[in-house]
Amino acid sequence: MLSFILRRLASGVVLVAVISFLAFVLLYAGGGDIARRILGENATAETVAKKTEELGLNRPLLAQYGDWVTSAVTGDLGRSWFTGELVSVSVSGRLAVTLSIVLGATIVSAILAVVLGVLAARRGGIIDGAVQFLSLVGFAVPGFLIALFLVLIFAINLGWFKATGYVPITTSATGWIASVTLPVVALSLGAIATVAAQVRGSVIDAMSRDYVRTLRSRGLGMRSVIYKHVLRNAGGPALAVLAVQFVGLLGGAVVVEQIFAIPGMGQLSVRSTTLGDVPVVMGLVIAFAIIVVIVNLLIDLAQAALNPKVRLS
Amino acid sequence: MFRWKATAALTVVAALALAGCASGDTGSGGSDSGRADRLTLTAIAAPTSYDIGQGAEWGNRSPFFQAVFDTLLSKDSAGETQPWLATEWEYNDDNTVLTLTLREGVEFSDGTPLDAEAVVASLEHFRDGTAPQAATMAGKEFAAVDATTVTITQTAPDPSLVNLLSIAPGLIQAPSSFENPDAATDPVGSGAYILDTASSVTGTTYNYTANPDYWNAEVVQYDNLTINVLEDVTATVNAIKAGEANGAKIADNNTISEVEGAGWTIESNELDFQGLLLLDRAGTMAPELADVKVRQAINMAFDREALLQSLQSGYGTVTEQVFPATSVAYDEALDDTYPYDPDAAKDLLAEAGYPDGFDLNMMSTPAFQTTFDLVAQQLADIGITVNYTDPGTGNFITDMLAPKYPATWMALEQNPDWQLINFMIAPSATFNPFGYEDPTVDGYIQAVQFGTPEESDAALASLNEYIVDQAWFAPFFRVQGTFATDANTDLEFWPTNAYPSIFDFSPKN
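Those protein sequences? They're chains A and B, same order as listed.
Per my numbering, the first sequence starts with residue 1, numbered consecutively.
Per my numbering, the second sequence starts with residue 1, numbered consecutively.
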């Protein structure tokens, strides 16, 4: 297992390096005068030229990338060209915010998807139909519409939750709950739809196997059979889908963070990309790539734990 | 068996508990200091760097800088210049030396003294940096005559200098912080508030606490100030409806009815105009624009009232002048120079030798597609075919100033007079990328700069009349700049900036 983990981490490093180079090139390929974007229309051409030189924007692309890599491998991701804040501080500060929402949505969607998927697989009939219909709605309705609907009803009309902003859990636990609940729900609905459908299919397939009949014939209750045996076998494919959903939720967080004005990585991504704040964008690219590598590694390990037949190779 | 009843009971309890959670905490309640507890505002743009040499800016970023730094001079709610860090100011006979007398006993938040040496260092730091308005201080020299006297020496009169000292160029940062690499996010000023870096999130939320040693405590109405950056219009409206702020900058005037429906009060000023900049007046790229009749015809092609209604829901005022209504240059009568008359416009084009019209290359961008469509439609009505090119994200201004196009639609600030001249009209103006020069205009500019106040005012009026007559631009309307406050907050919105002064807010109770 250790060699498997090390190999995956090594390939992750290569992946991050390739992604960083592509991102760097794409940022500059988009064109545009970054110095002018920083300074706005009030700055004179002389000030813009001075800012261009200050940021080293007039240097060859490869030279700029080389400098960035040289610093990045030592942990120095530079400073934002717009705010002057250390990129590592910007990204790490917002990482916790985004992860709290995305992990929350993942956990909520995993639990509800398992419940709904098992319910649909076990009961069939109208309940199965209802769950499939709800799944379809979750697929079809865009996340931002769900978010806007939730804000209107639960934040503005009922006043149960915050419409905008984020309260750190260290400041107030109830404030944190009030600020993350609606974003988590908005993100979860689409994921629930996808994962529930996968769980339903996997459970139906698993329940048709001989070992289930054997277990039942020994007198085990259906609940025990499902939760102790069937889910274990059906969990593998569902975990894979959940991993994909997690990555998708990271992207979905961009929209949700804009609507709820939450200071997460998604909001920072939108702002820094629009402005052309290259150091921050590069920091975010690295952070996202590392998260995806780690998540996929963890899912692989979880699948191996669930099913001893799975080989880590 | 699924425990429905237990789950339902738990859900109800959780909902009741959470019902008390979503406090807007905009608390205007009182405190031991006698001030209200907190003023919560929303802004549409985050500050860039708090190092004034890099990021000092006014406009929609003013509250962030005004909170922690003092300016040398200030503007009151009527837009009149008032003493602030400088208690007196006076020019010499030829207006090349401005002498400022500083207030005594002021300290920065780190305890270092705000004296003449510190002011000089700060002004030089701004001048030599790359803040957007750094060029306004180019060529000026600063000197500390004694502990409380500063002189600003310039090679030629700058009629905008006193105004500049009340906005970004006049912000004073502690020299002790210049070498601090974290100065961009941890400002050291003498302002009414101190930034709480621990609870603030750069780019999103800025929390300030009242400076206990502030020299002008009587103008501070709140113990705490929070400014949340909401770039999304929907998020701003949601925050208003949910009562999560006391004051909010309204970026989209189409949301005004929703904001008023939530019980908020609208305050407004007019600082920006939208319209066409007919940049290539010498006909370098578009020979047609060299003829004043063509430029005048373009002005007559636009139904300004209809454009204002379509694009701004009627919020604003139609105009044909780039000088603001508050300027001595402004003449209301000039707004009737070019009535909407497509037929007369076609006749003018025919007189100029273009009876069948011509093609005009301009830029467009998706963010303002409706505007560009209407412009193209109205110009097409007089025979001018607009060929649009989307320059790509972030290139609109760059390509305009390159220059790559003979004319363009633009939204620009109507600066105070001398700033506007150097921004849009003078041969070296930023938004005169073709460097177009007119001897008549040059003469007026000279009189504005070197004349007596009476001569200057007269020259401004003549200059405005001339550029309207010569149709240098085709302005459509002045845009209403809108700010909203909740039922607990009073505001006197100054006419000179897009964002109110933080000192002009007060609790109603």
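None of these hints come from the bench; they were simulated from the model.
Be aware that one or more of the hints could be misleading.
Subject to a maximum C-alpha distance of 30 Å in a straight line, what follows is the list of computed DSBU-like cross-link-like pairs (lysine-lysine) [to be verified]:
#, chain 1, residue 1, chain 2, residue 2
1, A, K50, B, K241
2, B, K140, A, K50
3, B, K508, B, K404
4, B, K241, B, K404
5, B, K293, B, K404
6, B, K75, B, K508
Right, here's what the structure says about each hint:
| no. | hint | in the structure |
| --- | --- | --- |
| 1 | K50/A <-> K241/B | 44 Å, violated |
| 2 | K140/B <-> K50/A | 18 Å, holds |
| 3 | K508/B <-> K404/B | 52 Å, violated |
| 4 | K241/B <-> K404/B | 44 Å, violated |
| 5 | K293/B <-> K404/B | 23 Å, holds |
| 6 | K75/B <-> K508/B | 23 Å, holds |
Checked against the numbered hints given earlier, the structure breaks hints 1, 3 and 4 and satisfies all the rest.
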